[in-house]
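> Can you build the whole structure from these sequences, using the hints too?
Residue numbers (the working numbering), protein chains in the order written: chain A, 48 to 420; chain B, 57 to 139.
Hint data in this document are derived by calculation from the structure and do not stem from the laboratory. Among the hints, a few may not be true.
Straight-line C-alpha distance at most 16 angstroms; calculated EDC-like pairs for lysine to aspartate or glutamate [stated by the list, open to error]: (1) B:Lys75 <-> A:Glu91; (2) A:Lys357 <-> A:Glu260; (3) A:Lys154 <-> A:Glu132; (4) B:Lys75 <-> A:Asp107; (5) A:Lys262 <-> A:Asp280; (6) B:Lys75 <-> B:Glu119; (7) B:Lys75 <-> A:Glu260; (8) B:Lys75 <-> B:Glu122; (9) A:Lys127 <-> A:Asp312.
Here are the chains, one letter per residue:
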Amino acid sequence: MIYFDSAATTFQKPPAVASAMMTALHTMSSPGRGGYGAAMRAAETAFACRSEAAELFHLDNPEQVVFTMNATHALNIAIKSLVPEGGSVVVSGWEHNAVTRPLTALKANVSVAEGPLFDRDAAAEAFARVIKPGVDAVICTHVSNVFGFVLPVEEIAGICREQGVPLIIDASQSAGILPLDMQALSADFVAMPGHKGLYGPQGTGLLLCGGRETKPLLEGGTGSISVQQEMPDFLPDRLEAGTHNIPGIAGLLEGIRFVRQQGTDRICGHERLLAQMAAEGLRELPGVRVFARPDLADQAGVVSFTVEGKDVEEVGRMLGERDIAVRAGTHCAPLAHRSAGTLESGTVRLSFSAWNTPAEILQFLSAMEEIVY
Amino acid sequence: MEHYLIIARSVTHAQRMQKLLGRSGIRSGIFRAPRELTDLGCAYAVQIQRPDLTQALMLLHRERLEPVQIYLEQKGFYREVSP
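Written as structure tokens, this is what we have:
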């Protein structure tokens with residue numbers, strides 16, 4: 048199979064991920080639940096994972112790295128920590144349902160900082176126009192999951208600091224791919240999956256916390272100050288009720304080690320090269336509209352396209368029949384499609400990982416020739 | 057051998073303490089804190105040798121890793137000491 052759906056989940060993982068998970072299943076119990084060997088091995092694995100993540104994302108304190116089930120879980124904690132019911136929020140026009148659905152549930156008053164696709168200056172200006180003191184939170188995706196557009200989060204973070212407004216960054220498509228410096232950004236929360244660019248298993252995610260007060264989504268046992276009936280007021284325990292996914296965390300640890308060993312620059316450069324190859328090849332096909340700048344500026348390794356006269360799901364199915372995995376439709380991001388004018392049609396999305404090769408792009412382009420002609 | 061138990065608020069807190077002390081050559085172990093020492097239940101303690109206490113506390117304070125409590129263990133008995 049040729050797998051081009053890494054924006055959903057990276058399918059190929061470093062071999063160390065599976066072996067670490069197997070070791071965890073056989074040798075570890077639960078962190079913070081005992082002083083015996085199996086519990087302490089679990090605690091050491093969890094701490095090593097927090098520490099690797101803290102190093103990668105420039106956090107001093109590994110206690111500010113909170114394990115979650117996925118990025119959606121992390122975003123829900125962040126959003127519900129900052130935004131009261133009916134609160135006031137600014138978002139980009141490229142957000143995922145993981146952001147917009149919690150805001151809808153909170154009946155939040157949402158202002159969208161609208162701007163054209165692949166225009167970072169316009170995006171920063173749009174945020175500057177709508178971020179005002181009194182806004183409960185600004186929420187911005189670092190990279191659009193549909194189009195790969197890299198949002199100017201550094202500039203947006205600067206505007207938030209000037210206006211005294213908290214910032215949540217959705218790093219679902221950038222963690223492990225683009226540099227992300229918590230200290231430089233001074234973001235209040237950064238949410239990310241473990242199973243995409245960090246190459247961990249499904250069921251893992253991280254919430255990086257910048258120091259603002261947090262509100263637990265779940266209450267329960269934490270293995271600390273157990274007599275007290277309120278949740279601990281310290282991280283990570285405050286946000287980690289219940290038994291940890293230790294096999295998942297053990298796998299995520301190896302995934303993060305892989306990313307640090309490879310380097311985000313190298314991984315991003317590789318994915319961009321593949322994206323550029325795919326975009327250039329697709330442009331030569333009749334009736335194909337590619338959502339990418341010629342030089343792929345301000346774009347990560349994600350490319351969307353449509354084929355005139357063909358439903359995007361049909362294209363996805365035809366590629367699937369050729370054992371090429373892509374994602375077609377609206378990608379759980381109707382706001383992003385509305386912003387790009389593709390809500391009616393949807394798009395076919397290609398998204399790459401460190402394991403994809405130029406030869407796979409050539410095979411994909413041959414398959415597309417068969418589909419288009 | 058007499059040693060000190062530095063009570064941490066959580067296992068992660070204790071691990072941070074141990075990592076910091078280890079960087080300065082102070083050997084330590086992490087254990088479950090005896091129940092009698094923790095009013096709020098379920099805690100972890102970082103155990104260090106008696107001569108290391110002053111340096112350990114200075115290091116922890118510098119990194120704002122404040123102990124919850126500190127106990128001196130002598131022949132199986134615990135005596136709280138001021139941090």
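> Quick one, are Lys262 (chain A) and Asp280 (chain A) close enough, alpha carbons at most 16 angstroms?
holds (10 angstroms)
> Checking one constraint from the list: CA of Lys357 (chain A) to CA of Glu260 (chain A), max 16 angstroms. Satisfied?
This hinted pair is violated, its Cα atoms lying about 49 angstroms apart.
> Keeping to a limit of 16 angstroms between CA atoms, is the pair of Lys154 (chain A) and Glu132 (chain A) held or broken?
holds (6 angstroms)
> Regarding the pair Lys127 (chain A) and Asp312 (chain A), is the alpha-carbon distance no greater than 16 angstroms?
violated (33 angstroms)
> Against the 16 angstroms threshold, does the CA-CA distance of Lys75 (chain B) and Glu122 (chain B) hold or violate the hint?
Holds - the C-alpha atoms of Glu122 (chain B) and Lys75 (chain B) are around 14 angstroms apart, at most 16 angstroms.
> Would the pair Lys75 (chain B) and Asp107 (chain A) pass a check requiring their Cα atoms to be no farther apart than 16 angstroms?
holds (13 angstroms)
> Holds or violated: Lys75 (chain B) and Glu91 (chain A), Cα atoms, limit 16 angstroms.
Holds, at roughly 11 angstroms.
> Holds or violated: Lys75 (chain B) and Glu119 (chain B), Cα atoms, limit 16 angstroms.
holds (12 angstroms)
> Verify the proposed pairing of Lys75 (chain B) with Glu260 (chain A), using a straight-line Cα cut of 16 angstroms.
Answer violated: Lys75 (chain B) to Glu260 (chain A) is near 26 angstroms, above 16 angstroms.
Hint compliance for this structure: hints 2, 7, 9 are broken, all remaining hints hold.
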